[in-house]
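Chains as they are written, first to last, in the numbering used here: chain Z, 11 to 171; chain F, 11 to 360.
Incorrect hints may have been included.
[Unchecked claim] Far from chain F, some chain Z residues (derived; all Cβ distances over 10 Å):
# : residue
1 : C16
2 : Q70
3 : T85
4 : E96
5 : L109
6 : E147
7 : A153
[What the hints assert, rightly or not] When the alpha-carbon atoms are kept at most 25 Å apart in a straight line, the in silico DSS-like pairs for lysine-lysine are as follows:
#  : chain 1 : residue 1 : chain 2 : residue 2
8  : F       : K18       : F       : K273
9  : Z       : K116      : F       : K158
10 : F       : K244      : Z       : K112
11 : Z       : K132      : F       : K158
12 : F       : K207      : F       : K69
13 : Z       : K100      : Z       : K116
14 : F       : K207      : F       : K244
15 : F       : K354      : Z       : K118
16 : Z       : K32       : Z       : K132
17 : Z       : K112      : Z       : K132
18 : Z       : K156      : F       : K244
19 : Z       : K132      : F       : K69
20 : F       : K69       : Z       : K118
21 : F       : K244      : F       : K18
22 : Z       : K112      : F       : K207
These are calculated hints, taken from the structure and not from any lab test. Heads up, the beta-carbon is just placed ideally off N, CA and C, and yes, glycines get one too.
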Amino acid sequence: MKCDLCDIAPATIHITRIVDGKKCKSHLCQNCAAENGQHKTPINLPALLQVLLGQNDMAQMDCPCCGIGFMEFRTNGRLGCPHDYEVFRKGLGGLLRRLHSKIAHKGKRPSRPIQDNVLSQKLLTLRRSMSQAVSSERYEDAALLKREIQQLAQEPVSHES
Amino acid sequence: MNLDALVKSSGEWLKATGPESTIVVSTRVRLARNLAAYPFTSRANNFQKGEIEGLVCDKLQQIVPPPDYFPLANMPALDRQVLFERHLISRDMASGDGPRGVAFNTGEAISLMVNEEDHLRLQVMRSGLDLQGAWSVIDDLDNQLEGKLPYAFSEEFGYLTACPTNVGTGMRASVMLHLPALEHTRHIEQVYRALQKISLEVRGLYGEGSRASGHFYQISNQVTLGKSEPTIIKELGGVIPEIIRYENEARQAWLADTQQPLKDRIQRTRDTIATESQMTCEEAIECLSILRLATAVGEAPTLELAQLDELFIQVQQAHLQKLMGGPLDSEERNTARAQLLRQKLNIAAA
């Protein structure tokens, strides 16, 4: 990836800022970051480690259901939704192994049918769209999404695929 | 259930009726659960948190017996602090915002936090050392709820949680131990290191981030993925009797010690309670801790463990203010605390 400013040098500094509730990302080379005062930004240790561990592709990844980025998770230590375990599978594997030694569940499981993954993901995505519609004052869209969510949530559960 | 009435006594898990109560205050097992189709709490907006709260409350009414639900969103800060001091909610939950709450039954043996770090945190507390009993009760509660709520679960990773440290079983089993003698002999560090080596965690009186005030230590499992719940219970349960044995040996050694006799320490503690007109919470907890030890080794025949364990909760600031009938500043609290100790322990002011 090239620097957002000079479009020549490789971007080695990746900055994510939340401005008015919106996520803004910028990717800068060392020189442009220094010229723009970004060198004063505290080192994002999780991001640096991610690059060193060769998981730079993970650093660019966002969950399509809840919108959380992998680096946001690495910084805060909290995932955004249940689907993140699937989306960030590659990045989480090493962490789970360090935390628990093993990464396969051996405990109890629900005896009742589990909500279908596809349905859960669709509901998560719709809920995020509804939230965005409310934030941008598109209330008619939000009402339509709310109705769609209510209809989908009524669907009977089926066994996990 | 009335919170004002609650502060006058302790939960049934704090009555010192369980096994090994002279050293083991209580056993706690908690399960973290989330709803499959909602973002985790930190990512959910208030509308979504409100929906989760409504959904869970509705289903809670169907479990047997249904617990009472206390929404926290508009609850006064002092009442939230009371719930935290009683181990019914976490510190983050007491200071947080948005739709959230806690359900618990009479006796407070079962409680359920809604919209904590995870959508649901089920908790069962038992007096003394009773991991198997606590697991059995919480497993039953979880079974009742799982049929009513679509849990986030994966065959590969188990119960999916906001923090990967809890994924899998979502279970944290912990035992709260009173270890004043091991602290006195400075052997507690060795115990601490040995437990860490076998992936057990040692925390203070109020769990994560709290220090070991009053010589209380919570020992719990770190690993939640790749082991079954009975295995976790068995591994933790296998270690605790050893710690109890070390503490008992250290207590006997302290009783026999002529250089720093335990009896002198107990008498000094009684003198402190009789003479101090003001007492901070930390000082009160230290005094109560020594009297708990004295009672356990038979050096305080007029006191009871349950009475002391109740006081550990009542000397804390929110309980104290509730008991005294209104807000008190720091100095007033310290005076009220010193008086409460003398009155409850029947020690005359000197």
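Do the hints match the structure? See the list:
1. C16: Non-interface label stands for C16(Z): nearest chain F Cβ at 35 Å, farther than 10 Å.
2. Q70: Fine: 19 Å to the nearest Cβ keeps Q70(Z) off the interface.
3. T85: holds (12 Å)
4. E96: Per Cβ check, E96(Z) is inside 10 Å of chain F; nearest 8 Å; violated.
5. L109: violated (6 Å)
6. E147: holds (15 Å)
7. A153: holds (13 Å)
8. K18(F) <-> K273(F): violated (31 Å)
9. K116(Z) <-> K158(F): holds (23 Å)
10. K244(F) <-> K112(Z): Holds, because 18 Å separates the two Cα atoms, which is no more than 25 Å.
11. K132(Z) <-> K158(F): Cα-Cα ~20 Å, so holds.
12. K207(F) <-> K69(F): violated (41 Å)
13. K100(Z) <-> K116(Z): This hinted pair holds, its Cα atoms lying about 21 Å apart.
14. K207(F) <-> K244(F): holds (17 Å)
15. K354(F) <-> K118(Z): Distance ~46 Å between K354(F) and K118(Z) Cα, so the pair is violated.
16. K32(Z) <-> K132(Z): holds (22 Å)
17. K112(Z) <-> K132(Z): The hint is violated at about 30 Å.
18. K156(Z) <-> K244(F): violated (47 Å)
19. K132(Z) <-> K69(F): holds (23 Å)
20. K69(F) <-> K118(Z): The hint holds at about 21 Å.
21. K244(F) <-> K18(F): violated (36 Å)
22. K112(Z) <-> K207(F): At roughly 17 Å apart (the allowed maximum being 25 Å), K207(F) and K112(Z) satisfy the hint.
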